[in-house]
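Enquirer: Assemble chain B with the ligands onto chain A, guided by the hints.
Residue strings, one per chain:
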Amino acid sequence: MSGFSSSSVDRRDIVALEGVTKRFPGIVANDSVDLSIRPGEVHVLLGENGAGKSTLIGMLSGLQQPDEGRILVDGKPTPITSPRLALALGIGTVFQHMMLVPTLTVAENLLLGGPWWQRPRTEELAARVAEITSTLSITVKLHAKVSELSLGEQQQVEILRAMLRNSRLLILDESTSMLTPKGIDELGALMRRLVEQGLAIVFITHKLKEAAAFGDRISVLKLGRKVGEIPPERLRALGEQEIVSEIVELMFGKQKDDPEAVERPVRTARAGAAPLLQVEDLTVAPTDNAPGLSSISFDIRPGEILGIAGIDGNGQKQLAEALAGQRIATCGSVRLDGAAIETLSVGERRRRGLRYLTDDRLGEGTVGTFPVSMNFFLKQVGAAPFWRNGVEQRAEIDKRAAQLVREYDVRTPSLKTPVARLSGGNIQKVLLARELAEGAKVVIFNKPTYGLDLANTLASRQRIRDTAARGLAVLLISTDLEELLGMCDRIAVIANGALVGTVENADDARTKVGRLMIGLAA
Amino acid sequence: MSIDTAPTVSATALDATSGAVTRRDILHRLLMTLGPILAALVIAGCILLAVGVDPLAYYGYVLEKGLFSPLGIQQTLTRMAPLLFLAAGLIVAFRAGMWNLGGDGQFLLGAVTAAASAPVFVQIMPAWLALTCSFLIAMVVAMIWSLVPALLRAYQGVNEIITTLMMTFLGTSLANVLVKLAFRDPATTVPQTRTLPVEDRLPRLFETTITSGLLLGLAAIIIVHLVMTRTAFGLKLRIVGANPRAAVHSGLGVPGLTVAVFAISAGLAGLAGAVDIIGVQGNVRADWNPAYGLAVIPAVFLARMNGFAAIGFVFLLSVLSIGGESAARRLGVPNHFTLVLVSIVLIVLALAEYFDHRYNQSRRA
Ligand SMILES: Nc1ncnc2c1ncn2[C@@H]1O[C@H](COP(=O)(O)OP(=O)(O)OP(=O)(O)O)[C@@H](O)[C@H]1O
Ligand SMILES: [Mg+2]
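Those sequence lines, one after another, are chains A and B.
Sequence positions in the first sequence follow the working numbering and run 1 to 522.
Sequence positions in the second sequence follow the working numbering and run 1001 to 1365.
One chain only, chain A, in its complex shape (with noise of 0.2 Å):
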């Protein structure tokens, strides 16, 4: 152990990783990090799906232990052993995928891993929730069911049970996929105001503009490797777009100015043609803690791409499961190529090509137990070639697979490997490669490009454009408005369960799409 020199570890450090090495079985996920992690800093972490930024997490959260190296907290050698002994390490995590318990309501999730011989203490979680939720002016329905909020509000409830902890350190996975650019910004003012307190935030994100506007120090990870760090020093000295730049030069190795910024092809949607997808009056009745749909209407034509925005959990995932018929409507047409297809099963309405890719990838997108190979077919159990008189193809399954892996650019150690085992953008993409294959009409996307890192986001949208170029209709789902307004033909405004305008996506459309986001007229 003669190898770590002492100057790499900073008496100033909370925790600190020296030289941590952890292998799965066919892929080394980290090579020898070292990671200095400070009070009063927001250390970024940046890399490509698969880079290994979440199996650094989990050692740190006890989740996992590194197969060589150490972790130092407060500068002594200490193992992290279990979840609950990084909590007591006043380590916090709010991991990419949902920790939280379904089937039970927010604040019983929020006082798990309390003592468990005393009462939950009730009132006084409300006390302290409701001081936190201001501060980051975010409402949290404490009596609602887990399984009943959205992905985006179950982050929001995620983030709240680590500050609830009293954490020193606290650590951000992906926590903005799911935010609206407001919530961002909330998110980001708030880290500011935790890092001055003195804690340390460890933050991943795949967005390079938040990296560079919330960061003090930035770390890139590449094939599991530290490529290389942005002191503070340095970050503070340069402009947001060079700071871009120098990140996208080590994750990539080139240089491009400002890589999101796709010109949007002018397309012209076949003006002519009958709608592909005819929604009308859809209604879906509200439960008690997520809103229904009210009378929802809309058209998409052949070619075109309508988006969906607003803030999380205002109604787009009952919105697109009562299209994929997973939700019962209470009344309104749903129309396919001029066909009704409201009272259709979710099986036939995909054999006459409606497409449905879930944000929820792993709690419904996928059987994570199932290998990679067999989650590409899913949806296509008992379809030739793959399956032959009722009998699994085996060498069929695995060709296509490995065409599928190679064309979506999975990174897996092999086709067998349980797809929960992959990294949340790897996992991505296993779904967006089995919804965009052959016989698709009509496409909707839910947050396609959540969790995906920058080559393999621009990879995606270019996909759907060119789902939509096929003559395709698509409804594009998404907080993201960047990503809206760069794709979309029009763009529909939801909140609360009803649409409150839609807009040509022309020069304008931003600010009208923002004054429609918060109940202002366009």
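These are computed hints drawn from the structure, not numbers from a lab.
If you're wondering where the values come from, they're calculated on a predicted model, not measured in any experiment.
Treat the hints with caution; some may be incorrect.
[Claimed, not checked] Example chain B residues on the side facing chain A (calculated, C-beta under 8 Å, incomplete):
| no. | residue |
| --- | --- |
| 1 | T1209 |
| 2 | A1232 |
| 3 | G1251 |
| 4 | L1252 |
Note that beta-carbon positions come from the ideal geometry of N, C-alpha and C, so glycine has one too.
Expert: Frame of chain A, contents of chain B with the ligands only:
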């Protein structure tokens, strides 16, 4: 696209490593299964000592009577026939995430219908057709018996553990009532159904007393295993079992599949009853309830719902229960001690699993 992504990890190049891991995994699995069984034998031995029975004598007796004596092994293999059918039914249900614990009720109703119908049928049609018809009737009756829990679970989300257990109580009583009132053989004083003549029962294998029902049982469990692992239908059931929400999202008809699972599982339990009657017993006496259905559950768990492994564990269970019955008579240890033994194995196994998990968690700390 001006941004290069790093080259994809080749999907096939790394398969070799995962192959090596699998072999170590199998070894580990084997150790994790056999170790606890040995430990459980020791613990059960201590219990025997405590009640004043020489454990070595007991185990020796069990092995001799259940495995090494020619008569014993034949009885053991015969006993396997109904157990294999039951195990097959449980594999279907458990893999689909449904806890059909009503096997005993379904088994008994199958047995009673087979016992009532077979003696009648053999008089009016060729033996093979008569037995086939009896099997079918037993299967259908058991399927119908599972309909209530199936529909409740499929359309109302009612927990099937409770409903199947309740139906098993009802089913056992109903079977009894049927024997005593409807199908009672007027020629005997003890209440029992009419007896199927030995020459009309399932043929025996070669020159032994082993029933050919064993072959049917083996076929059933192997077919079930292949269906569950190799076919689209089996995959659908496994999706429902592993992630019901993903099943809905993928467009599977979950309620229909649920009813199908219950029907198949109960149907196999009914066949188990029929094979025991038509192959071995010949009639059903009132109050007869061997409770195989519950005894098989641990074997299926130990086998991790793998059909081939289940054959092995059902064999062990058979040895234990045949040997245990003889030992009970000779050494005065109650017959149910075999159940005690099996449950100790399960508990030790669960503990081993837990500590293995903890060890893996903290190994590198
Ligand atoms: N439990 C596990 N078993 C096997 N492999 C794993 C496991 N967890 C992670 N991996 C692998 O380790 C690598 C790094 O994964 P990790 O989740 O850390 O990536 P990430 O940087 O968080 O990516 P993303 O941005 O997509 O979330 C991936 O190739 C993944 O497949
Ligand atoms: Mg991750």
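Enquirer: Taking the hints in turn, state whether each one holds.
Expert: Right, here's what the structure says about each hint:
1. T1209: Since chain A brings no Cβ nearer than about 38 Å to T1209(B), farther than 8 Å, the hint is violated.
2. A1232: holds (4 Å)
3. G1251: Because about 3 Å separates G1251(B) from the closest Cβ in chain A, which is inside the 8 Å limit, the hint holds.
4. L1252: Hint holds; L1252(B) Cβ to chain A Cβ min 7 Å, cut 8 Å.
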